[in-house]
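Asks: Reconstruct the complex from the two isolated chains, following the hints.
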Amino acid sequence: MSAAALAPRAPAGAGGTFTGADTLARLLLRRDRVMLAVWLLLSWGVAAGRTGGTYASLYPTAAARQARYDQVMTDVPMYKLFQGPAYGTDINALLVQETFGAATILAALGAVVFTVRHTRTDEQAGRRELVGSTAVGRHAPLAAALLVVFAAGALLAVLTSAAMLASRMPATGSLIFGLVVGSAVWISAAMAVVAAQLTSGPRAAIVGAFAAFMGLHFVRGVSDLAGPGLTWLGWLTPNGWLQRTQPFAADRWWPFLLVAALVVVLVRVALLLSERRDLGSGVLASRPGPTTAPRGLSGTFGLAWRQHRAMALAWVAGTAAICVPTALVGSAAMDQYATSDRMAEWAAATGSADPADVLFVYIAFTTVFPITLYSLQTVLRIRAEEDDGHAALLLSTPVSRLRWAAGHLAAALAVPAVLLVVVGLGFALGADDASAMLAITVRLIPAVWVMVGIAMAACGLAGRAAPVVAYGALVVALTVEFGQHLGWPSWLFLAFSPFSHVLPFLGVPGAATLIVLTALAAGLCAAGLAGLRRRDLIG
Amino acid sequence: MTETVDITGLVKTFGTTRALDGLDMAVRPGEVHGFLGPNGAGKSTTLRILLGLSRPDSGTVRLLGGDPWEKAVELHRRLAYVPGDVALWPGLTGGEVIDLLGRLRGGADRRRRDDLVQRFALDPSRRCRTYSTGNRQKVALIAALAGDAELLLLDEPTSGLDPLMEAVFRECIAEERARGRTVLLSSHVLSEVEAVCDRVTIVRAGRTVEAGTLSELRHLTRSSVSAELAAEPSGLSGLAGVDDLRTEGRHVRLQVDTDRVGDVLVHLHSLGLVDVTVQPPTLEELFLRHYQAEPGAPADRGRGLGTAAR
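Going down the list, the sequences are from chains A and B. Under this note's numbering, the letters of the first sequence match residues 2 to 540, in that order. Under this note's numbering, the letters of the second sequence match residues 34 to 343, in that order.
Hints in this document: simulated from the structure, not taken from any laboratory. Values in this document were obtained by computation on a predicted structure and should not be read as measured data. It cannot be assumed that every hint is accurate.
What the hints assert, rightly or not - Far from chain B by the CB rule (all over 12 Å, computed), these chain A residues:
| # | residue |
| --- | --- |
| 1 | Met215 |
| 2 | Gln247 |
| 3 | Val325 |
| 4 | Gly390 |
| 5 | Ala393 |
| 6 | Leu396 |
| 7 | Leu403 |
| 8 | Leu426 |
What the hints assert, rightly or not - Simulated coverage check for chain B against chain A, where a stretch passes if three residues somewhere in it have a Cβ under 8 Å from a Cβ of chain A:
| # | segment |
| --- | --- |
| 9 | 83 to 97 |
| 10 | 111 to 124 |
| 11 | 155 to 165 |
From the three backbone atoms N, C-alpha and C, an ideal C-beta is built for every residue, glycine too.
If we strip away everything but chain B, and leave its shape as in the complex, we get (with noise of 0.2 Å):
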């Protein structure tokens, strides 16, 4: 299958300071993928990569089966992108904005533009001079989803949305990726990739730190496990991919790699359980784990699957 994005060993440097270093990516045809990562973590330059804006110093990278650099304005017809700090002409209205880059990108859709238009609750009447930063995001977003792109290239696209317009934004993805087009949602609203990402990319200082879906990802991390327990506990410390282990009295509290968990579960049954909850690392668990690292520091047991789950 040719994936819709595929990126290996990407390097970018400005002057100095190296933006990307060797990054990976895949991103398959029909999926939402997040793109997650701190601050200054290569993000908006692999897009601009992506969009031929800006060229790589080596590694490959092929969108939409094309060469991004090369081929910018065929596949530009194919996709549609919203930049994470939306700038657009003070001069012009949000109305005005909405169909030239509709127009520029081939002619959208007048009655899904509309209704975008309501749902956002935008008034594209007004210049964009005099929109807040949700606003200037709206007209990028309702521009890119009343279009027929295969591909969205979200940067970040809700940071100025309110509850609602996130809402109304998550509906739409939903709504996109029925009608088989491919996301890649770059993001810091972890309960948003959560809630729309098929598979996420994590990256931190231009690397691929981890990349898989959401449960794969959980694999390979630690559940806390919380059990009450009708006798004293024993034996639970020699029991492989146990840590952070506390006992008070019957109460037992542990972290477990979330492949031992029924091994763990096994273990407290025979000593008579009580009452359990096991709980699965959050993605914000998941993403701490990487950013709390020292940068260059081995990210321990997500390395491997970065390649792994490709």
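Only chain A is shown next, with the shape it has when bound in the complex (with noise of 0.2 Å):
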């Protein structure tokens, strides 16, 4: 891959600390070359992949253009949220419009996953002191990371550039935003080396730095939604930045000054934390603990509880920092859009009078999916502790195989529920009728379930295919559900999601849908938990 060509490069005048960095980024080339090329083609695809008229085709007259500006400005405020403002009429403004969430949010997930793969997760396996023991600098293997990553976003940015140059789209504007794409690399990147070295464990330092970028993203929205009075806000994250270089209408080049600094000081920090700690330690979570159990951990309840607290905990406290400022900003912003027929036409479908109960409805069903794929992970703790070998010295003990399993299962059914009850908290806090908000996240909790049932149901029956089986099936329903606005055939989507029974915008489920997917869930547990009774336990 072209990619080798930039990397292995040592920093120049870094003395003894970084000896060896360009070996050790050649082999990380070598171990991870599928992964990168896979992550580099897909940003690519979405950053620039619509650049060859296809995108045009869409909008071919200038009312056409105008109507799709509208639409995001005043008609459908889930725009501002999600995508970001369009800053002018012309095409090419309009298409980084819809792509900038997308392309920036996908080269950050990639970034994120690789930085901390080769820094902490290297650390965490003992491979990081292998290579310690040779003739190699203190801080080379988090440089080799981030060379090989920087370099990555550099490739990247030059790809999306030059997609848009051959599309004969204006230089200017094809830089920047090759420039843009480039940059969400390089910012998620730092920030995950961050992590990786605040966090011990490779799994916290992922969620961390992607879920900071992507709350970031959120706050931005936040701010473009709620207009002038909160622009401020949006100058407060690097998403901010990147969207207000406005490519194709105001043409900013210096936000980037912003963003080469913020990754200067990301990356200093992380070797200065570096420096201050031992091989294998976080800075975070090095202090000892109880000599003796608690009370509560004494059986497989209390265990499984202790493993997935700190995730829940996070995972509520997120939600509700998501929930409740959209709700308490939501409602003023979404009084620009009280004369939109689209926001009238949902709103009569969703039972309610206010379009800011329409927004509401909107994110809080957008919300189903995060917290779906927390709960497949919950669930696959189970086959997670087999691999680990806990599962083995448990099972070891006299508890049953249900017992145990039933621990992970319990938190995969209950904190999805008190998830989706937060959601409808929070946005009761801005809606008209606070109850009727509450009583529509609620009804999205038994298809929750039902992905939890397929995935237990996969532990059981799947072995070593589980998680395959579990995230295909979220890959599933989330394909049928974009394919929905594609033109498919409305019966794929009631055939291959649950989550369409308890869509709001196609009228509120009926308490026999409730039922019937309470019912499947139920019955997909109890032969996940059958199957995983009568096989031979893995690892």
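Replies: Structure, rendered in structure tokens:
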């Protein structure tokens, strides 16, 4: 891959602490060339895939472009929130408005996973120790990971700009948008390298860094949605800087100076933290704990709670942190949309009179997907515990497989229910009818449970393939959801996504629907548990 | 007498690999039983079947008189297990894991637990992610020894321990035996097995090749004899059981089946014995003899014993 040509270069004048970084960078490329290539191609596809006239054909006339602009700016608030505002009626400006969110987030996801994988994961697995014993500088592994990921970001920027220039888009805007996508890689990699110093577990570092990037994107959305009064809030986030370069509109270069400064500061902080801690430990989680177990840690449920507690509480806090401010800002912001026909139509479908409620219902519905993802992770702990060897030790005690699995399953069923109640209560603060808002989010719970049931059935019946089956089911559900917007037949959506049956915009789901979904989830869980009892333990 | 562990003709396959190929083993109540075999011989697979984590393809397995798969939970009240590769929950401290496992097994003696923590010099306040291999092994060992289990299943429990801690471990096993516990100890450390085990089972490629007490096993192999004689030796090569005879003047070295040592000594005595050393086979020699043989080749004289000793 051509990133290889850019990457293996030690930082000039860095002295002995970076010795060997170039060799290590080549090792990283060798280990992850497939993952890097797939991620770059996907990000490039999302960032520049629609430049070749396919997008322009959607809005062939000036009137169509004006209509799209109005839709973003005055009709449908979700666009500003999730994608960002449009800065002009020019076709290229409209295109980058649509691609900005998805392209930066996908670029960030790959960068975070790659960076943590080659810093904290290696350290956790003991590989860093082996490397550290050879003639490499103290910071070489960190520098190598950053070199490769920064080079990958540069490559992505070049490819994106090149695709735009090849489609005869204006040069300045093309270069700026390329830099925007590249900057997303650089910023998120720098965040990840700091997170990798703070926590001692790779999972926490990945989730932490990516959630930070997503969260900042969302803060920017709230700022854009709220209008001029809150514009300053967007300037506090790097995502806001990237968006306000306004490619193909104002074409600003100077926000990239902020990006460069932030990246330098974050990397500097990571290096300082790395110097201050021992290999294998984190800055945050190195303190000793109790010498005896507290009373609560006495059974499989106590243990499951201990394992899921930190992540569950973080999700509750994160959900509240997103929903409460959105509810408080959203209500006033939605006044701008009071006359939108589209919003009035949706409000009628959900049984609400207030367009602000439509925004909240929409956001609440979109939270179902990350919440489901988290629930699947929680169920799949059953498989992870087998692989780690924890299950063998636990099951050598008088603990039945049913009780062992039930601890994790209970967490996977209870926490999403709590989260959706939190979403409902959060938006109830801004909604006209608080109890109706809560009722809407509570009705989403059985759909999540069906997905949990699929994951549980996979753990019991599919063995090693369980994660593929479980995540695959979510991908299928998301695909038919998007397919719905592309005009796919609706039976596909209804057959392959439990969410289709609780989607508020298709009318309020009845009690029978909810009971059937819950029963289906219970049946899947029972099948999974029965399969788990019958098969050999893996590991 | 009901055996604590009674395995006959155990077979377990993984795809095309035959991990266990008709394994036999009998562990008697109150004994410390060594379970020896090269890497990949099927020791851990056997233990996983005994724990009800895997189901055998064929053969019979009885553990404490019950079926280990059907009655897993009941039987686990009466045993404690230390896995070969101890994996602990990274966020819990060592002390928390010891207490958790103790509680799951139905309560542990607090005084004994604290005593063991001290004897094994474990810092129970550290998170498990910060423990070395040896320290993780200590956590699992303390949890197993602090309880009231009738049977201890130990899968290479000392592979990460330093010599000092190994000595503590041997003391503990001796104490367990004195308390009437049964121990099944899978191990690679032959000196340890020689020091603590009453009987051993040696497996290779999923089959039992030797089983019995150490002295029974020694009888089946050759001792080495080295003697200084008053006159040139004669007639030695005609004696039954003698092999690998080498003479240098009046000095003789030979290998002899352990149950024929007496005959050889009588003959040497008749030749005028000046000095003699008889060395019984070490476990290591026993072990190497089986390991170096081609898999599938008959394990010469040991073969019949596998069943005879039971």
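Asks: So, for every hint listed, does it hold in this structure?
Replies: Okay, the hints, checked on the actual structure:
no.: 1; hint: Met215; verdict: holds, 25 Å
no.: 2; hint: Gln247; verdict: holds, 46 Å
no.: 3; hint: Val325; verdict: holds, 29 Å
no.: 4; hint: Gly390; verdict: violated, 3 Å
no.: 5; hint: Ala393; verdict: violated, 6 Å
no.: 6; hint: Leu396; verdict: violated, 6 Å
no.: 7; hint: Leu403; verdict: violated, 10 Å
no.: 8; hint: Leu426; verdict: holds, 29 Å
no.: 9; hint: 83 to 97; verdict: holds (count 5)
no.: 10; hint: 111 to 124; verdict: holds (count 11)
no.: 11; hint: 155 to 165; verdict: holds (count 7)
Hint violations for this structure: numbers 4, 5, 6 and 7, all remaining hints satisfied.
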